[in-house]
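**Q** Just so you know, the sequences run in chain order A and B.
Its first residue numbered 802, the first sequence is counted upward by one per residue in our numbering.
Its first residue numbered 802, the second sequence is counted upward by one per residue in our numbering.
Be a bit skeptical, because a hint or two may be false.
[To be verified] Derived Cβ-Cβ restraints for the label pairs, each shown as a range:
#	chain 1	residue 1	chain 2	residue 2	range
1	B	ARG866	A	HIS879	40 to 50 Å
2	B	ALA883	A	VAL903	43 to 53 Å
3	A	THR1000	B	GLY881	47 to 57 Å
4	B	GLY941	A	GLN809	46 to 56 Å
5	A	VAL903	B	ALA844	33 to 43 Å
Keep in mind that the hints were calculated from the coordinates and are not lab data.
By construction, the Cβ of each residue, glycine as well, lies at the ideal position given by its N, Cα and C atoms.
There are 2 protein chains.
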Amino acid sequence: MPKKVDRQKRRTQIADALMRVAAEQGLEAVSLRHVAAEAGVSAGMVQHYFRTKDEMMTFALDVVRERNQIRVTDAVTHLGAAPSPRDLLQTIIRTLLPLDEVTRADGRVALAFLAYTAVRPPASAALREETEQMVGFIAGLLPCPDPENAAAGLLALMEGLGVYLLGGQYTPEQARRILDSHLDRLFAAAPDRSGETVTIRPA
Amino acid sequence: MPKKVDRQKRRTQIADALMRVAAEQGLEAVSLRHVAAEAGVSAGMVQHYFRTKDEMMTFALDVVRERNQIRVTDAVTHLGAAPSPRDLLQTIIRTLLPLDEVTRADGRVALAFLAYTAVRPPASAALREETEQMVGFIAGLLPCPDPENAAAGLLALMEGLGVYLLGGQYTPEQARRILDSHLDRLFAAAPDRSGETVTIRPA
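In isolation and in its complexed conformation, chain A is listed as follows (with noise of 0.2 Å):
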């Protein structure tokens, strides 16, 4: 099936210049004009692509998604077989703060989306059902009481710290430092399990 690859290539170049423009502009300079220009394709072609902005939004989401994931396998790979659950949430939302260069790039691609789907909540079902499962995992590996609402809190604070290394108003390091007091404060509360290890599957 070459001819559905290349579709997804291509898709995946639209969105890769949609998300230049994003990161640089702001989402409001994504049109489908500029993002043809970007990609150095016809605005039909784009079009051929994708019929709305929606649309195309959604996917390049889709992309930053990906590469999230991608890049959590990754760390997580690296802490070898059993780390700790307290290690594991550190590396896993580490990895997912707009620490660097590249992450904030995609970063802003994820903020402008999330202000984009804020006025358009059909656009944010997919959204919802990622928190929902990463709540549902990151409780499992929590010892504090009311590991569901804690481990709601946590996804808000990455949420929180996001926004705020992207505005300016964390450095990375400050941003580090608050997580890894957060941790603590959460691991705090059940010593006991302190030893206790994750194994990793494989995928």
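Starting from the known structure of chain A, fit chain B onto it as the hints suggest.
**A** Leaving out everything else, chain B in the frame of chain A:
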């Protein structure tokens, strides 16, 4: 000085139009032309009051910030003369979260602005200063170890809850529970200070 008052009034009227456009159609729909149409004035009139879109956005966020300040002052006043630090923080943060339709509309403007400033760091200088002041204020109320990082984390958690409320990932009920659970954890650390109160001085 009736002229100055008129100018401020007209600017606020235009900023309100901007916020309605941003709240209903997203930041990318905010243009001189759109805002002028929504405000029922000419594009030339908008340009007379705001030279650039940046200036218009910054002013709109100032209006949101001012409204938040009034809401917070009002809510804190209802707590009486000597609320506990926990009640004070809970009230302030609940007031700032987009938990109802009015604060959601303001929240969408704030989020759009955050996405906007993420690609224009100089525009967020005021936000940075405000965040630093908030961190200092909250740190003074927290009885837990490492209050500076705990305060910065609480602020990030609030920001993330706001983002997830606007995106529909968390319901208002969930957000309240997550916040309460987090405050429980921060205040559980030092039960000996639980009887403490904060004296509210008239502004």
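**Q** Evaluate each hint against the coordinates.
**A** Comparing the hints with the structure gives:
1. Restraint check, ARG866 (chain B) to HIS879 (chain A): a C-beta distance of roughly 43 Å satisfies the suggested window 40 to 50 Å.
2. Range check, ALA883 (chain B) to VAL903 (chain A): about 50 Å between beta-carbon atoms, so the 43 to 53 Å window is met.
3. Between THR1000 (chain A) and GLY881 (chain B) the beta carbon distance is about 53 Å. The supplied range of 47 to 57 Å therefore holds.
4. The supplied range of 46 to 56 Å is met by GLY941 (chain B) and GLN809 (chain A), whose beta-carbon atoms lie about 54 Å from each other.
5. Taking the beta carbon of each, VAL903 (chain A) and ALA844 (chain B) are about 40 Å apart, inside 33 to 43 Å as hinted.
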